[in-house]
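Chain by chain, the residues run as shown.
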Amino acid sequence: MARLNYQQLVVDSLRYDYPGPEFPDGRAALHSVSFAARAGEVTAVVGVSGSGKSTLLACLGGLLTPNAGSIRLDDGDVSRPHRSAIVTQGAPLFDRLTVWENVATAWGTPRRALRDHAVEVLAGFDVAHVADSFPRSISFGQRQRVAIAGSVASDAPVLLADEPTGGLDPENSTRVGLALRTAAATGRIVIAVTHDQSIEAIADHVLRLESGTVTVRGVA
Amino acid sequence: MSRGSFPRPWRWLALSTRKGFASGFPLTVLSAATMFILASVSVPLVTASEAVSAQRSGVGVLSQIRVTPLDAAPDSPALTTAEREHISKLDDVESVVADAQVGIYAGGEATWSSTLTTATAATLPPGVTTLPTGTEVIVPESIDGHDLADAVGTPLQIEYTVSTGEQQGELRGMTLEVIAAYDADWQGRGPNAFVGSEEQVVELLAARAGVPASTYLDKTGVPAVIVTVADDAAIDTVARELSERGFDARPARDSLGELPGVVALFPAIFVTVALGAVGIIVLLVGAVVRGSLARRAREFGLLRVRGWSVADVRGLIVLDIGAGSVIGSIVGTALGAVAGAGVSSVVTESAASTTSLLVTAAMTPAPVVLSVVVALVASGRTLRRDPYLALVEAS
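These protein sequence lines map, in sequence, to chains A and B. Quick note on the working numbering: the first sequence kicks off at 175 and runs consecutively. Quick note on the working numbering: the second sequence kicks off at 2 and runs consecutively.
There may be inaccurate statements among the hints.
Distance condition first, Cα-Cα at most 16 angstroms in a straight line; then the derived EDC-like pairs of lysine to aspartate or glutamate [as the list claims (entries may be wrong)]:
1) B/Lys90 - B/Glu242
2) B/Lys220 - B/Glu84
3) B/Lys220 - B/Asp76
4) B/Lys220 - B/Glu204
5) B/Lys20 - A/Asp269
6) B/Lys20 - A/Asp306
Just so you know, these hints were derived from the structure itself, not from any lab.
In isolation and in its complexed conformation, chain A is listed as follows:
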């Protein structure tokens, strides 16, 4: 079982080049990105489209392998999959599983005995009432909160959210922002890539990326 009480995620001189024949000289999506994100806090990564935000998130989540630099959780490597949970854009959930089953996959194959515990986790994000629904029958904002709840259900000490409020109205964006804060309150390191100012508003730190480079580090 992974421990949650890590102090910080440290990214040092991270570089990622897009592979493939279309970039014979290499196209750097990330240049020497360095920052630290602390446990119990929300770090927002902002920037225009193509600035490298999603690439950074994929590197942090172990989905892409950086060409250079390091990502460390306290003193350990973060690339092992169970160290991070990712909430991707569009709130994708397993459509053929109910909401509580989606959450329960964090603990293995969903079975009836896990339902109550899954509902308990969902309640923390105000979506317990849709526990028995299928993802396609609930609202987009509810799906996003379910996805965050599922990430919190796992033992992963790092929660990575890619545009968690994309396509949401202000009210639902606020709710998702609160959900991220709830997740951070459990002792997790929360990093959210976003265009949304409401997320910037609830973040403890803001990191601005431009053309793959960190240009601004700020405290919200």
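Fit chain B to the given chain A structure using the hints.
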């Protein structure tokens, strides 16, 4: 509570199967159909091949020639003792046995009638291994409603016809010794036939003709003989020599009806079915893999997000198809073996051989191996693009 971790491919396969979004079902159906057809063909094929092979060797039916005088040729020689001795001296001739039958009737209060026919080692009823000698006889277990199964080991009273003059005769009684009984459904020597020694059949034939047995054999001759040829390849040569001598000589393999021809067609049918199945499996597995990736793109992308590697996703696809194929192959083989055994009983009049069932069972993994190999190749090609990236772009 005790916490686990996100399911690995085997558990995800079980979950997706239970929830009805696994991809392997078409392969289950295809593998079942393939193995059903292959097993239906292979069981009778191997059983019949074994039967034919057995009959080609030693004293088997397919090494025999039935020889009769030519009815239409007045100068055709009779199958007398002298002529039989001549035939027995031809090259490659193993034995010459009379093929004759004579009418017999129930003795005492019983009311059945039958024929007493000569026995050869190749034409003994199923389950009987002893050739009758002297007054010994093999009987059907029942005849015209009379149970003879209990007569084994006991004397049996019969009656036969003795000639008493021109177109005149009378019945006389004698005792035969029953040494075995066979299932009355077997009609290899005709319905309800009693199978006895050549000596006994000739004695009754001679009595019906009103002459001593020696005179019957030396002058009249038996109606037919079975010539057994030692070398399978010499059958045509021996048959030609007998024809040239004035006999009607018919190798048994030419008169066994359509069995050899049907058996000869089996390999071609089998190869055609097998090749067709291979082609269909390759096409279908490719289509299932592509369809699976299209239909389950979001799911595979999410699995990547949940910590699976691309290799894990590929493993799930292969497991899904492999498991579907395993189930289908086993079910198809079992059903096909039953159907094949039925075909065997019709074609060869015998139960499916153990070898045929083993050969069929050995083929069971073939669709599975083929499906898995094609799935590995197809998934390798289609998963060049990371499902995670497809998920991000779709969002």
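Hint check results:
no. : hint                : verdict
1   : B/Lys90 - B/Glu242  : 12 angstroms, holds
2   : B/Lys220 - B/Glu84  : 10 angstroms, holds
3   : B/Lys220 - B/Asp76  : 15 angstroms, holds
4   : B/Lys220 - B/Glu204 : 14 angstroms, holds
5   : B/Lys20 - A/Asp269  : 11 angstroms, holds
6   : B/Lys20 - A/Asp306  : 15 angstroms, holds
Checked against the numbered hints given earlier, the structure satisfies every one of them.
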